[in-house]
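Number of protein chains: 2
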Amino acid sequence: MKIALLGGTGDLGKGLALRLAKLGYEVLVGSRSDEKGKKLASEYSQIAGVEIKGFDNATASELCDIAILTIPWEYAFDTAAQLKEKLKGKIVVSPLVPMKKEKGYFDYVRLPEGSAAEKVASILESKVVSTFHSVPAERFADLNQKVDWDLPMCGDDKEAKETIAEIARKMGFRPLDAGPLKVSSLLESLTPLIINIAVKNKMHDLTIKFI
Amino acid sequence: MKIALLGGTGDLGKGLALRLAKLGYEVLVGSRSDEKGKKLASEYSQIAGVEIKGFDNATASELCDIAILTIPWEYAFDTAAQLKEKLKGKIVVSPLVPMKKEKGYFDYVRLPEGSAAEKVASILESKVVSTFHSVPAERFADLNQKVDWDLPMCGDDKEAKETIAEIARKMGFRPLDAGPLKVSSLLESLTPLIINIAVKNKMHDLTIKFI
Numbered sequence: 001m002k003i004a005l006l007g008g009t010g011d012l013g014k015g016l017a018l019r020l021a022k023l024g025y026e027v028l029v030g031s032r033s034d035e036k037g038k039k040l041a042s043e044y045s046q047i048a049g050v051e052i053k054g055f056d057n058a059t060a061s062e063l064c065d066i067a068i069l070t071i072p073w074e075y076a077f078d079t080a081a082q083l084k085e086k087l088k089g090k091i092v093v094s095p096l097v098p099m100k101k102e103k104g105y106f107d108y109v110r111l112p113e114g115s116a117a118e119k120v121a122s123i124l125e126s127k128v129v130s131t132f133h134s135v136p137a138e139r140f141a142d143l144n145q146k147v148d149w150d151l152p153m154c155g156d157d158k159e160a161k162e163t164i165a166e167i168a169r170k171m172g173f174r175p176l177d178a179g180p181l182k183v184s185s186l187l188e189s190l191t192p193l194i195i196n197i198a199v200k201n202k203m204h205d206l207t208i209k210f211i
Numbered sequence: 212m213k214i215a216l217l218g219g220t221g222d223l224g225k226g227l228a229l230r231l232a233k234l235g236y237e238v239l240v241g242s243r244s245d246e247k248g249k250k251l252a253s254e255y256s257q258i259a260g261v262e263i264k265g266f267d268n269a270t271a272s273e274l275c276d277i278a279i280l281t282i283p284w285e286y287a288f289d290t291a292a293q294l295k296e297k298l299k300g301k302i303v304v305s306p307l308v309p310m311k312k313e314k315g316y317f318d319y320v321r322l323p324e325g326s327a328a329e330k331v332a333s334i335l336e337s338k339v340v341s342t343f344h345s346v347p348a349e350r351f352a353d354l355n356q357k358v359d360w361d362l363p364m365c366g367d368d369k370e371a372k373e374t375i376a377e378i379a380r381k382m383g384f385r386p387l388d389a390g391p392l393k394v395s396s397l398l399e400s401l402t403p404l405i406i407n408i409a410v411k412n413k414m415h416d417l418t419i420k421f422i
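Protein sequence lines correspond, in order, to chains A and B.
When you line the first sequence up against this note's numbering, it's residues 1 to 211, in that order.
When you line the second sequence up against this note's numbering, it's residues 212 to 422, in that order.
Worth flagging that the hints you see were computed from the coordinates, not collected in a lab.
Just so we're clear, the structure is a prediction, and the values are computed from it rather than from any experiment.
Ideal placement from N, C-alpha and C gives every residue a C-beta, glycine not left out.
Quick partial rundown of chain B residues pointing at chain A, CB under 8 angstroms, derived from the structure:
| no. | residue |
| --- | --- |
| 1 | Tyr-316 |
| 2 | Tyr-319 |
| 3 | Ala-389 |
| 4 | Lys-411 |
Could you build the full structure based on these sequences and the hints that come with them?
Okay, structure coming up:
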């Protein structure tokens, strides 16, 4: 199965690239330019010890079965719009968290569409699954770190949600169905909450567990 | 220290009454009528094996040092408005979660004030602390259940927040500062998320842990 990481930067992109490649998935790192994509892919390949390919975002989108939007939320919607044709009918994963820094805390940015995932779904003709927001990215990018975290996910396409759940399960996560895309904002807004708690209580790179 | 549970019904009210009374706090159960308050208090006294007093909400508000709004959110704002004078300058705790049931899931109701706690703060001249939303109420009301859960809290008054944190700590919680009231919606919206996950994954009376 070919999984494209569009953007592919940051600790979430890195963690996904390394862990998915090591599990045997064909990982396609996408970037604004083919050159950048190949550079990033080569860096990740060296760490993972497995081949990871790099492309521009359009090629990665064309070749993939599943695309994950590992790209800052401010740019994600424009990028999605440009890739609409190539992502048609495919599974697209949104880990996007619209967020802004205020004085001393982070707040969730409520989009007119309700959430980032719903906005992505309104732009694309793809099966959108909303997840990976609550992953502690720095720990996730460290292959020595065991991934035994909970992973809530929203989505309207049952089969797409189960496909992503299965991939997550292989990485070590406990996937948890959190309902339809309509409630994706409940999930997305976990991230500023977690960051605020980490900062205020001098904790670091937190995630949550449902007990 | 005198702690009023305004409304005082439901598993959260019950759990707080029992556990606070057993810790030596003077618990005042408030209700719409003095008679109802006394009836509820007597029930709780029998379970706790400690005296718990009952009053109407106005008297409980007058006598208390701290008031907790253990009352359905739809009625809480009117009740708060009626008690404004008696609660002036006191600590008022909002565990309120504005929530509505849709077809197959719960959603958070965004109030024009931003959150239930901010609305309470706009009505009262009190020190509002927003917490206890994520308590698994049924388990909490069972005195055999160990309370070793995380308790995120928002508030603008540092001292009031620390007072409530200390009380929570005595019950077994790990209190976590989650920032100012401005981000209380991040906290309040945890509850529909937790309920959706519990329902969809056949789990029960969940809470969260920050790890």
